[in-house]
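Participant: Here is how the chains run, residue by residue.
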Amino acid sequence: MTALIEIRDLLVRREKQTVLEIEHLSVEAGEVLAVVGPNGAGKSTLFLTLARLLKAARGTIHFDGTSSLNTLEYRRRIALVLQEPLLMDASVKDNAAIGLKFRGTPKAEAERRVAHWLGRLGVAHLAERPARKLSGGESQRVSLARAFVLQPELLLLDEPFTALDAPTRIRLLEDLKSVLSETATTTIFITHDLQEAAKLATRMAVMLNGRVHQVGEPREVFAHPADAQVAEFLGI
Amino acid sequence: MSDLFPITLLSLQVSTLATLISLLVGLPLGTALALSKFPGRAFIMSLINTGMALPPVVVGLFVAMLLWRSGPLGDLKLIYTPAAIVIAQTIISAPVVTGLTAAALQQLDPRLRLQLYGLGASRIQMIFSLWREARLPLLAALMAGFGSVISEVGASMMVGGNIKGQTRVLTTAIVLETGKGEFETAIALSVFLLTITFLVNWALTAIQQRGRQ
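Chain order of the listed sequences is A and B. Numbering that gives the first Met the number 0 applies: residue 0 is where the first sequence begins, and numbers increase by one. Numbering that gives the first Met the number 0 applies: residue 0 is where the second sequence begins, and numbers increase by one.
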């Protein structure tokens with residue numbers, strides 16, 4: 000396997016304070032890496048830096064072996080799903096197609112992909128509905144469809160289930176798991192929920208105070224925490 | 000009353016042109032103010048907000064001094080022309096459009112920008128998406144801009160001169176007829192002005208509400 004994302008010597012400051020410092024972290028093509036940690040651990044900073052929405056003070060992030068892609072080229076190879084679905088005031092299908100529109104994808108191709116992914120995520124029957132009238136779970140499904148239609152090489156998920164009630168979250172987690180294993184989409188999944196991480200991830204990175212303390216398969220991390228802080232966070 | 004048609008037409012032409020120029024200035028400026036952070040931004044915003052309440056007579060005075068034959072732009076020979084009224088009305092409505100554009104965009108969730116970038120939007124695509132998202136308050140900004148100029152009289156009088164057949168608009172004609180005691184004519188002109196204002200706003204509201212889902 001080759002690394003799709005390779006972070007080296009990364010340092011990010013916000014308001015003059017170092018909030019993220021990662022010596023090395025790589026994500027292999029096809030794997031789902033869950034980044035877990037408590038609030039304020041730097042997870043969201045890592046997410047924004049990976050999406051190139053925040054500039055690093057130092058270090059490199061190689062994507063597919065290069066760090067020379069310009070921001071727009073890079074962003075058009077990835078997709079982003081945030082905690083809030085942030086749908087536009089338009090129909091569900093227009094929302095799902097927005098990223099394709101930005102890329103100038105031909106209409107017929109865009110319609111085909113949108114129909115496929117709305118169906119795959121179980122919201123095809125809502126295609127013509129105004130997005131504002133959807134429930135939380137439906138909105139997040141549309142948000143995921145909007146990301147998958149782009150066939151991203153890297154999918155970034157930032158706490159996408161946090162705002163949902165438990166039954167909705169469990170169903171969506173199941174569906175996402177099956178979509179991810181079917182498509183083998185490389186995914187970085189930010190969460191503070193260890194159960195979600197264990198369910199979805201092939202590997203897990205534990206972040207505490209802006210640093211990665213341990214990376215490994217979830218089972219291995221739970222069985223052998225790298226240090227006392229990781230053990231405390233895992234509740235062991 | 001036979002000049003009602005040319006007076007009305009001039010009112011509409013002048014105020015529509017001033018509103019469109021305000022839109023060309025105010026939409027990008029309001030967007031820049033809403034989306035960027037720089038030192039002095041709050042100061043500029045308060046200037047714009049003050050500008051939204053500019054008394055038309057003060058604008059009239061300022062533009063008259065600029066365009067006066069002996070003034071700095073006197074050589075352009077614009078004083079007492081429709082162009083002078085357009086300039087004054089643009090100064091009145093541009094801050095209205097700018098301020099309300101900034102307010103409309105600031106009401107959107109700031110994370111929406113990140114989401115749009117994350118879906119591969121270029122800067123210009125992101126801005127167009129935000130405009131589309133805020134289309135209802137943006138049309139309200141346009142209506143307020145038009146409303147601020149179609150109804151003003153002070154600036155039109157001072158820089159246009161209320162010259163019959165040249166710079167007489169509905170509001171200045173109403174002032175004149177009232178001054179002469181011709182209340183019937185003044186009332187007829189007023190009804191006309193209100194009807195036009197209503198029709199323009201009705202058309203814009205129809206567009207605005209059609210976009211609502």
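Calculated from the structure, these hints are not laboratory results. It is possible that part of the hints are untrue.
Quick list of in silico lysine to any residue cross-link-like pairs, SDA-like style, CA-CA up to 25 Å [said to hold, decoys possible]:
1) A/132 / B/136
2) A/54 / B/113
3) A/54 / B/146
4) A/132 / B/110
5) A/54 / B/123
6) A/132 / B/127
7) A/54 / B/105
8) A/100 / B/53
9) A/132 / B/108
10) A/106 / B/127
11) A/100 / B/37
12) A/132 / B/206
13) A/15 / B/37
14) A/106 / B/131
15) A/100 / B/111
Participant: Each hint should be assessed against the structure and marked as holding or not.
Facilitator: Going through the hints against the structure:
1. A/132 / B/136: Holds. Residue 132 of chain A to residue 136 of chain B sits at ~20 Å (cutoff 25 Å).
2. A/54 / B/113: Judged against 25 Å, a Cα distance of about 14 Å means the pair holds.
3. A/54 / B/146: 44 Å, violated
4. A/132 / B/110: 20 Å, holds
5. A/54 / B/123: Distance of about 20 Å is within 25 Å: holds.
6. A/132 / B/127: 23 Å, holds
7. A/54 / B/105: 23 Å, holds
8. A/100 / B/53: 42 Å, violated
9. A/132 / B/108: 18 Å, holds
10. A/106 / B/127: 19 Å, holds
11. A/100 / B/37: Since the Cα atoms of residue 100 of chain A and residue 37 of chain B sit roughly 31 Å apart, the hinted pair is violated (cutoff 25 Å).
12. A/132 / B/206: Answer holds: residue 132 of chain A to residue 206 of chain B is near 21 Å, not above 25 Å.
13. A/15 / B/37: 17 Å, holds
14. A/106 / B/131: 20 Å, holds
15. A/100 / B/111: Given that 25 Å is the threshold and the Cα spacing comes to 17 Å, the pair holds.
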